[in-house]
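Visitor: Here are the chains, one letter per residue:
Protein chains: 2
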Amino acid sequence: MSPILRFLDELYARHRECRDGNVATYIPELAKVDPDTFGICVATIDGHVYEVGDSRHAFTIQSISKPFVYGLALDDHGQSAMARKVGVEPSGDAFNAISLHQDDGRPLNPMINAGAIATTGQIVANSAERRFDRILAMFGRYAGRALGVDEAVYESEARTGHRNRAIGHLLRNYDVLVEEPTPTVDVYFRQCSILVTCHDLAIMAATLANRGVNPVTEERALRAENVESVLSVMASCGMYDSSGGWIYDVGMPAKSGVGGGVVAVLPGQFGIGVFSPRLDKQGNSVRAVRVCTELSRAWGLHQFNPPYCPQTSRRHSYSCADRQSTRARCRQEVECLRAHGRCIRVVEVQGVLSLATTEPVVREILACRDGLKCLIVDFQHATGINVPAAGLLADLASHLADDDVRVLFTNTSRVPTLAHGLNARLGENAAAAALRFDSLDLAMENCEDDLLRSAEPDGLTAARAIEQSELAAGMTPPELAIFASLLQAQHFTSGETVMRQGEAAHSLLLITHGVIAVHVGDGPDGRRVASFSAGMMVGGIAFIDGGPRSATLVAEGDVECASLERTDFESLATSHPTVYARLLRNIAVSLAMKLRLSNEHLDLLSTRQR
Amino acid sequence: MSPILRFLDELYARHRECRDGNVATYIPELAKVDPDTFGICVATIDGHVYEVGDSRHAFTIQSISKPFVYGLALDDHGQSAMARKVGVEPSGDAFNAISLHQDDGRPLNPMINAGAIATTGQIVANSAERRFDRILAMFGRYAGRALGVDEAVYESEARTGHRNRAIGHLLRNYDVLVEEPTPTVDVYFRQCSILVTCHDLAIMAATLANRGVNPVTEERALRAENVESVLSVMASCGMYDSSGGWIYDVGMPAKSGVGGGVVAVLPGQFGIGVFSPRLDKQGNSVRAVRVCTELSRAWGLHQFNPPYCPQTSRRHSYSCADRQSTRARCRQEVECLRAHGRCIRVVEVQGVLSLATTEPVVREILACRDGLKCLIVDFQHATGINVPAAGLLADLASHLADDDVRVLFTNTSRVPTLAHGLNARLGENAAAAALRFDSLDLAMENCEDDLLRSAEPDGLTAARAIEQSELAAGMTPPELAIFASLLQAQHFTSGETVMRQGEAAHSLLLITHGVIAVHVGDGPDGRRVASFSAGMMVGGIAFIDGGPRSATLVAEGDVECASLERTDFESLATSHPTVYARLLRNIAVSLAMKLRLSNEHLDLLSTRQR
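Sequence lines, in order, name chains A and B. Using this note's numbering, you'd call the opening residue of the first sequence number 1 and step up by one each time. Using this note's numbering, you'd call the opening residue of the second sequence number 1 and step up by one each time.
Take the hints with a grain of salt, since some may be wrong.
Note that the list lumps identical chains together, so a pair holds whenever it fits in one copy or between two copies.
Dumping the calculated SDA-like pairs for lysine to any residue here, alpha-carbon to alpha-carbon at most 20 Å [stated by the list, open to error]: (1) 373 x 158; (2) 281 x 104; (3) 373 x 36; (4) 32 x 104; (5) 281 x 146; (6) 281 x 310; (7) 281 x 311; (8) 32 x 280; (9) 32 x 22; (10) 373 x 219.
FYI, nobody ran anything at the bench for these hints, they're computed from the structure. Values in this document were obtained by computation on a predicted structure and should not be read as measured data.
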């Protein structure tokens, strides 16, 4: 059994003994509820629901309908139009007080009855029936199932709801409602009589926690930009006259109803639904308040005490003097990069980038601004980014580009939310400045090649003669002549496959000009994992151990090689055993050096992960 | 110039033209302020301050003092004692209204004058002077510098503060204040007259954002457990009669003062201070409200619209059938692990673990519960964890242990906040269950060894004879006899250094019994990076390429080896060239195989990082 469920079970068992409070009786029908029913549900933002007790027992939603209908009105009209109809200030008065702005008759907030009736009146529809249908359909999207109405409660509300009808007429008097108010008040009665379970409430809350998208059905119930507004009125006025105490103790936006339900929302994390009909003096379910208070403390859910935030999104920051791409280069090139690589800076970011975590990254980059020629920002480990953070990076790129710094963003396509935010800002500011690469390694190679070209315009990329290669080390001139006589020149055009992973190995190649890339895997799983420059041996592993080729090699641009066939090599064992042994030894040395490099790289990767 | 500062500059330039509102005049001295002064400061939780405009201009703190003094009272008395003196509900009335609970005279909240005076009266001290000294010292801890009082404003307040004196007597009447009230009201006047700059306000806010610790001085200004309470009253009642609208529009706990200052706090992220003396009808600085509203929108700071939260803290989850430790093992052992490794599950977690991100990890582990014998949870990539998340994992460990699943937590010491939270819970619940390892690799090796012992109790760990080793492959019996005659038996006791990184290499070793571990680096930087079982060759790299030893090898338990000296090996080149070539080839093959493994491991590491 899940420890989460076990905790909820204990919570349920402890609070079911509590019989404090009284069921609502202001509507005769409400008084008929079984006062002992009790359910607790917690829904995650991936739609898993933990439920204990009477979690599928139906009850009327009552005032919990208010923030949801307010959200629908915001979707219909937008924030500024709604602000002219209903305020967002706590009233300090009871839920059924007629708290209207003195000058324009606007109800103080949408959580008191006056504000809720005014809100219901804003739902766009050409009839009261259609208005209610839209409201019911909306609740269905939140709950992920079709909901119905408790007709008996509705009729009871309608029979006794004189005060609410009076509010309707007052709102009509102030032109907050612009139609005959009675049908709107009637829709309000019906909306309060919608039947939900606390399982529904948890999913509805999780939908708000999930930026307005039902996590089970994946259907949108509320526009993303209106979620914060709905949660704000819940936070300031959701729990009747103990809203301040609720935020103080529980720290989550919430709404209660006299039916005994409470919804609470922890944005981005959980939706909570609790049901128990006995109410306290303020009209909130006694058990629900206690359960939510305990849950918040035990699970650390108070919004003003969030789990530790990362201070910076920077994962690693280094220059090409400290770390180079996976391109295998001859010694002179490596030395040149180590000497001059400070002008190339790589910053790897990680996690979810917000403005607060991106600001230190930008600050750090600006601190090593001197002599910077190329900046690479890699998003491979980023799991999300919001628009302000993307905008900040785009601004930085744009301004660095004005100073002739080359800015490359890599792996941006991996970040689900990046494409939109960053591209939108880049479109405005810095599209040309921040060239995007699919891999950090490619971007680093590209910058390294630039640096090598500017450092030594000719020479470093020229072909190495076979006699200067690692394979010929230590050979006497006659031995070298025998070795060279076995080599065959081979040419590869750009994009041509030089060797294929899994094939039998019949030869070894010495690159005399150009670049060969190493790919592992095929098709969409294929990845370019390294590359080799002129002077390097490729294909040695399978050549020596007789296994299949360990990777696919592809020519990048025109490539010239010298090829040694294995049959020719083997024949040396009897015809020229000293040349054979020398070659074997040189191949073994080359493998040993690669193994050293590979182990260093592994060590670097695992150290950097610490 | 930083894009952040550029943005604040633009904001400043745009709003300095706004001359709406009026400076406070209810105290004659306040009316003397220059109405055009204007400063904006943003402090990060690592203590960096971005400041524009009159950021170092001093003004009186006024009502901004209220939440901070309330925090000091909470530190003195705790939440429940303070709840008996001051409520936490918005009053719906003006700041100077005398909103007291009808039954016990408690002020409704600490942000109205009555609540603030009641709060000041709770600060523990044996005299009014000492009380004020404590308050002033507290503000100094928040601001990170010694603060002073504007005596002229104080005298002006004291001369005109009759209403506040009346409040003091009313509070005395209800025994909310238990001493003569006038000195307390006087301390309140002085507290309101403390001089701050908006640079100070930003640091004070960042201190609240940083869980009560000043990010510049690293001095604690408020107990961590009281931070959420202070922020809660700021959120519900901080902005006078537009607190609801502020949360709706800006979405951050904040407090304003009639001196023209506003502090706003984004927990875990930013502290904001804005100063401009012209006030709106509610008593809030006009420019400050507009600046904070724009900042919140542009930077995405609304608390109810947080940046995307990670859904799960799971980084990787795999069984030992899919991936093994770095121990180099002979083929039979590897095959056994691949066949039976499903019973060992490794879950790597990452980032900041809260209950919401840990719950899916626990759910996933429970879903592969069947046949599970060993669970390893690795914290190498975790950057933080709160107590509830640690408790959830401890609960899981405890219950799995009851079902005889071995639970290992690795790298827990890397998580700054883990030690306390997890150890505290483990102490209660599962100390014995969750053995802790310093490295994931060691834990995996340990579980693999267990599995191999249970699968094949004898045989797999027995010494391999030299003639079955990879070095002897393909040799004829006479060749083998020549080879074997060159080998010398060597014994190492547990912990003995077999080879040392950087030393010259004179020999190659074949392990015939036991385990040898590979360490890279010395002293505190030293790391165990791999290990070798019986049957494997070690020391081959430096032996063949003539370079220094690439790593340090250490015997783990008793180890038996067969050693081949390089001089003996080299002499074979002339004395027995075919044995020499065979050995060279076998060494090259061994290196090639290791290079394959190493490349696979590299590929795995970089793939998994995607």
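Visitor: Each hint: holds or not?
Guide: Tested hints:
no. : hint      : in the structure
1   : 373 x 158 : neither (74 Å within a copy, 62 Å between copies)
2   : 281 x 104 : between (31 Å within a copy, 17 Å between copies)
3   : 373 x 36  : neither (71 Å within a copy, 43 Å between copies)
4   : 32 x 104  : neither (40 Å within a copy, 35 Å between copies)
5   : 281 x 146 : neither (33 Å within a copy, 47 Å between copies)
6   : 281 x 310 : neither (42 Å within a copy, 39 Å between copies)
7   : 281 x 311 : neither (43 Å within a copy, 38 Å between copies)
8   : 32 x 280  : within (18 Å within a copy, 50 Å between copies)
9   : 32 x 22   : within (12 Å within a copy, 57 Å between copies)
10  : 373 x 219 : neither (47 Å within a copy, 40 Å between copies)
Hint compliance for this structure: hints 1, 3, 4, 5, 6, 7, 10 are broken, all remaining hints hold.
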